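Asker: Keeping the supplied structure of chain H fixed, place chain A upon it in accordance with the hints.
Taken in order, these protein sequences are the chains called H and A.
Residue 166 in this note's numbering sits at position 166 of the first sequence, and the numbers go up by one each step.
Residue 270 in this note's numbering sits at position 270 of the second sequence, and the numbers go up by one each step.
There's no promise every hint is true.
Copies of one chain are not kept apart here, so a pair can be met inside one copy or by any two copies together.
Calculated cross-link-like contacts (lysine to aspartate or glutamate; reagent style DMTMM-like; alpha-carbon spacing at most 20 Å) [to be verified]:
| # | residue 1 | residue 2 |
| --- | --- | --- |
| 1 | Lys200 | Asp69 |
| 2 | Lys135 | Asp251 |
| 3 | Lys247 | Asp278 |
| 4 | Lys52 | Glu21 |
| 5 | Lys71 | Asp185 |
| 6 | Lys247 | Glu40 |
| 7 | Lys117 | Asp13 |
| 8 | Lys71 | Glu184 |
| 9 | Lys117 | Asp328 |
| 10 | Lys267 | Asp251 |
| 11 | Lys71 | Asp194 |
| 12 | Lys274 | Asp302 |
Worth flagging that the hints you see were computed from the coordinates, not collected in a lab.
Bear in mind the structure is a predicted one, so any value in this text is a computation, not a measurement.
If you want the building blocks of each chain, they are given just below.
Protein chains: 2
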Amino acid sequence: MTFVLSLDAMGGDYAPQIVIEGAVLALANADFSYLVFGDERVIRPILANYPKYQHAFHLVHTTEVITNDMKVAMAIRGLRTSSMRLSIEAVAKGDAAAVISAGNTGAYMALSKLQLKTLEGIDRPAIARAMPTLKGRSIVMDLGANIECTSQDLVQFAIMGHVFGQRLLEKERPSIGLLNVGTEDTKGNMIVQDAAQSLKNIPHINFYGFVEGDDITAGTTDIIITDGFTGNVALKTLEGAAKLIQKMLQDSLKQSWRGKLGYLVAKPAFQQFKNYIDPRLYNGAIFLGLKGIAVKSHGGTDAVGFANAIRVAASLAADAASGQIASDMENLLTKEKFAL
Amino acid sequence: MTFVLSLDAMGGDYAPQIVIEGAVLALANADFSYLVFGDERVIRPILANYPKYQHAFHLVHTTEVITNDMKVAMAIRGLRTSSMRLSIEAVAKGDAAAVISAGNTGAYMALSKLQLKTLEGIDRPAIARAMPTLKGRSIVMDLGANIECTSQDLVQFAIMGHVFGQRLLEKERPSIGLLNVGTEDTKGNMIVQDAAQSLKNIPHINFYGFVEGDDITAGTTDIIITDGFTGNVALKTLEGAAKLIQKMLQDSLKQSWRGKLGYLVAKPAFQQFKNYIDPRLYNGAIFLGLKGIAVKSHGGTDAVGFANAIRVAASLAADAASGQIASDMENLLTKEKFAL
Numbered sequence: 001m002t003f004v005l006s007l008d009a010m011g012g013d014y015a016p017q018i019v020i021e022g023a024v025l026a027l028a029n030a031d032f033s034y035l036v037f038g039d040e041r042v043i044r045p046i047l048a049n050y051p052k053y054q055h056a057f058h059l060v061h062t063t064e065v066i067t068n069d070m071k072v073a074m075a076i077r078g079l080r081t082s083s084m085r086l087s088i089e090a091v092a093k094g095d096a097a098a099v100i101s102a103g104n105t106g107a108y109m110a111l112s113k114l115q116l117k118t119l120e121g122i123d124r125p126a127i128a129r130a131m132p133t134l135k136g137r138s139i140v141m142d143l144g145a146n147i148e149c150t151s152q153d154l155v156q157f158a159i160m161g162h163v164f165g166q167r168l169l170e171k172e173r174p175s176i177g178l179l180n181v182g183t184e185d186t187k188g189n190m191i192v193q194d195a196a197q198s199l200k201n202i203p204h205i206n207f208y209g210f211v212e213g214d215d216i217t218a219g220t221t222d223i224i225i226t227d228g229f230t231g232n233v234a235l236k237t238l239e240g241a242a243k244l245i246q247k248m249l250q251d252s253l254k255q256s257w258r259g260k261l262g263y264l265v266a267k268p269a270f271q272q273f274k275n276y277i278d279p280r281l282y283n284g285a286i287f288l289g290l291k292g293i294a295v296k297s298h299g300g301t302d303a304v305g306f307a308n309a310i311r312v313a314a315s316l317a318a319d320a321a322s323g324q325i326a327s328d329m330e331n332l333l334t335k336e337k338f339a340l
Numbered sequence: 001m002t003f004v005l006s007l008d009a010m011g012g013d014y015a016p017q018i019v020i021e022g023a024v025l026a027l028a029n030a031d032f033s034y035l036v037f038g039d040e041r042v043i044r045p046i047l048a049n050y051p052k053y054q055h056a057f058h059l060v061h062t063t064e065v066i067t068n069d070m071k072v073a074m075a076i077r078g079l080r081t082s083s084m085r086l087s088i089e090a091v092a093k094g095d096a097a098a099v100i101s102a103g104n105t106g107a108y109m110a111l112s113k114l115q116l117k118t119l120e121g122i123d124r125p126a127i128a129r130a131m132p133t134l135k136g137r138s139i140v141m142d143l144g145a146n147i148e149c150t151s152q153d154l155v156q157f158a159i160m161g162h163v164f165g166q167r168l169l170e171k172e173r174p175s176i177g178l179l180n181v182g183t184e185d186t187k188g189n190m191i192v193q194d195a196a197q198s199l200k201n202i203p204h205i206n207f208y209g210f211v212e213g214d215d216i217t218a219g220t221t222d223i224i225i226t227d228g229f230t231g232n233v234a235l236k237t238l239e240g241a242a243k244l245i246q247k248m249l250q251d252s253l254k255q256s257w258r259g260k261l262g263y264l265v266a267k268p269a270f271q272q273f274k275n276y277i278d279p280r281l282y283n284g285a286i287f288l289g290l291k292g293i294a295v296k297s298h299g300g301t302d303a304v305g306f307a308n309a310i311r312v313a314a315s316l317a318a319d320a321a322s323g324q325i326a327s328d329m330e331n332l333l334t335k336e337k338f339a340l
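So here's chain H without its partners, still in its complex pose (with noise of 0.2 Å):
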């Protein structure tokens, strides 16, 4: 099945270089197209570095670029032909089967609700990922989007994540935890705690109770729900977590003859375990709770990071079921939105 991806090629710390660059790389094996937004006195130069590749992108010149300090209520209203803007609109229309963008999180939440609408019964979309963990992979979310969450947000988050999570996961029934922390009831504030019992009192999903920050990686729920600043928080926490060891354990092998030979022996090792953790192997999330699909890719990240992003929106996109997804979240928001 072919369709068109439409990039926000302006967003992110090292736009448009390695929006173009990553798109390049997705396309191996690939067959869907782009639909690129941004300046082409500065893509064009980028694009001509890779002339095989050139007739899968179709470039929509614009100059407005929303940075990454703009305020949201700028990015919305001052500027109508952004980047960005346009990139989502492009799904809105019809002309993409999903967007991507490395731009300014707050600002691409902003005008993706705008543009996509918000499913029947969600008030808040949330930023939902997948996670390596020592039994495969779990869900967090919120990791951005929401600074400040009710508990009713969060209750929302779940079902998003529930319904999320039985078609990325394939599990009938994803376990859900809530992040807090401490695992006793007691634990926490009133928002996690009346999001708790609301979370009891829902029969279609199976709510494990609260975990805490350890479980994310331990994978003790396939889904974990959070506020949006702890979520983000605990990402980045996470990424400089694998940083920081991989450093270590570098020093640690080059402090002895024997720890680097032993690193020589096992350098094929070494890579592997290097992927593993990379972060940019686990670049792209999604905006659940949308009409469309838009996938955030960090905004730092270099052309390997920016390229798996665009892979998990064309798999969303690729995804028959997709609008599934969305149904079915509709579906169960609208029931509880009556049995609350």
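Answerer: Same frame as chain H, but now just chain A:
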């Protein structure tokens, strides 16, 4: 200098076994003794395994125990002779130089405030700990004492962190970062934005600005300030990440004969690496803002970890200038109260 440390023998998941074993471990080359509070019927048989060290343990029998799922109000008002309460009281009375507990964090903090009193100018003490970073080590606080914080709380944490960091890190003006979901001024909620505004206006401290989750391990700033919910999740996420990454490394090495051979050759280096990332070696967090020294051990640690928490308390107790920290904090806080 010889002194007495007070131990809550009944706090934590594996108490009193690991408390006594840890206390024995920490005694090696040390010149302190213990006041131990707990059920002597279970403690005596454990102590009997260490006849050489029995002289260093002075047991005070009590049967009341504060459990992990006990509400703080019950722990304070319901139990008048809990091992935790009595162990803190020993410091308040001057019978011990510091207290160590692996028990219920909320109850421990509440009882410590009650018994040891908070410093002049401090509304809410915070939990602080040094963590390894790419550049050395940094102090992170609050790690779970204050689940909900005002911007004023965060400012006070920063001032306490400044004074504590001066001594612990031996830096005149340790840099202070405020944990957020992005580094731009517009990021985050009102609480962190207001706190950042206030911190910019305090001349005595070296405020860096907002930092993100990965800055914790990057060592971007000497001190990282956050609320107790986010700090607790970040700390445990780091611990979980270390376990996952270690597992990924093992899996990578086991997959090939080169990996297995390289592991054998470099075994001492791997042992060193394992020590680097062993969370037990970083166990022992300090309650900052009290008039006495109280150290919190991870509830799930073992004897090696508990011994490290004891060493943290002992090093603070042995520091002749530790009274200076308290008076420096009080001076700065009182000054800033008028300035803000």
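Asker: At 20 Å max between alpha carbons, let me know whether Lys71 reaches Glu184 within a copy, between copies, both or neither.
Answerer: between (39 Å within a copy, 10 Å between copies)
Asker: Under a CA distance limit of 20 Å, which applies to Lys52 and Glu21: within one copy, between copies, both, or neither?
Answerer: So Lys52 and Glu21 pass the 20 Å test inside one copy only (13 Å; across, 68 Å).
Asker: When Cα atoms must be at most 20 Å apart, do Lys247 and Glu40 count as within-copy, between-copy, both, or neither?
Answerer: Answer is neither: 40 Å inside a copy and 46 Å across each miss the 20 Å cutoff.
Asker: From the Cα coordinates, with 20 Å as the cut-off, is the pair Lys71 and Asp185 best called within, between, both, or neither?
Answerer: between (38 Å within a copy, 10 Å between copies)
Asker: Quick one: Lys200 to Asp69, C-alpha cut-off 20 Å, is that within a copy, between copies, both, or neither?
Answerer: between (40 Å within a copy, 19 Å between copies)
Asker: Using 20 Å as the alpha carbon limit, work out where Lys247 and Asp278 are close: within a copy, between copies, both or neither.
Answerer: Classified as both: same-chain Cα gap 13 Å, cross-chain 15 Å, threshold 20 Å.
Asker: Up to 20 Å between alpha-carbons, please classify Lys274 paired with Asp302: within, between, both or neither.
Answerer: Only inside one copy: Lys274 and Asp302 sit 16 Å apart there, 31 Å across copies, limit 20 Å.
Asker: From the Cα coordinates, with 20 Å as the cut-off, is the pair Lys117 and Asp13 best called within, between, both, or neither?
Answerer: neither (27 Å within a copy, 48 Å between copies)
Asker: First find the shortest C-alpha distance between Lys267 and Asp251 inside one copy, then the shortest across copies, and answer within, between, both or neither for a cut-off of 20 Å.
Answerer: both (15 Å within a copy, 14 Å between copies)
Asker: When Cα atoms must be at most 20 Å apart, do Lys117 and Asp328 count as within-copy, between-copy, both, or neither?
Answerer: within (16 Å within a copy, 55 Å between copies)
Asker: Regarding Lys71 and Asp194, is the shortest C-alpha distance of 20 Å or less found within a copy, between copies, in both, or in neither?
Answerer: Only across copies: Lys71 and Asp194 sit 17 Å apart there, 32 Å inside one copy, limit 20 Å.
Asker: 20 Å Cα cut-off: does Lys135 pair with Asp251 within a copy, between copies, both or neither?
Answerer: Between copies, since 13 Å is at most 20 Å while 28 Å is not.
Checked against the numbered hints listed earlier, the structure breaks hints 6, 7; every other hint is satisfied.
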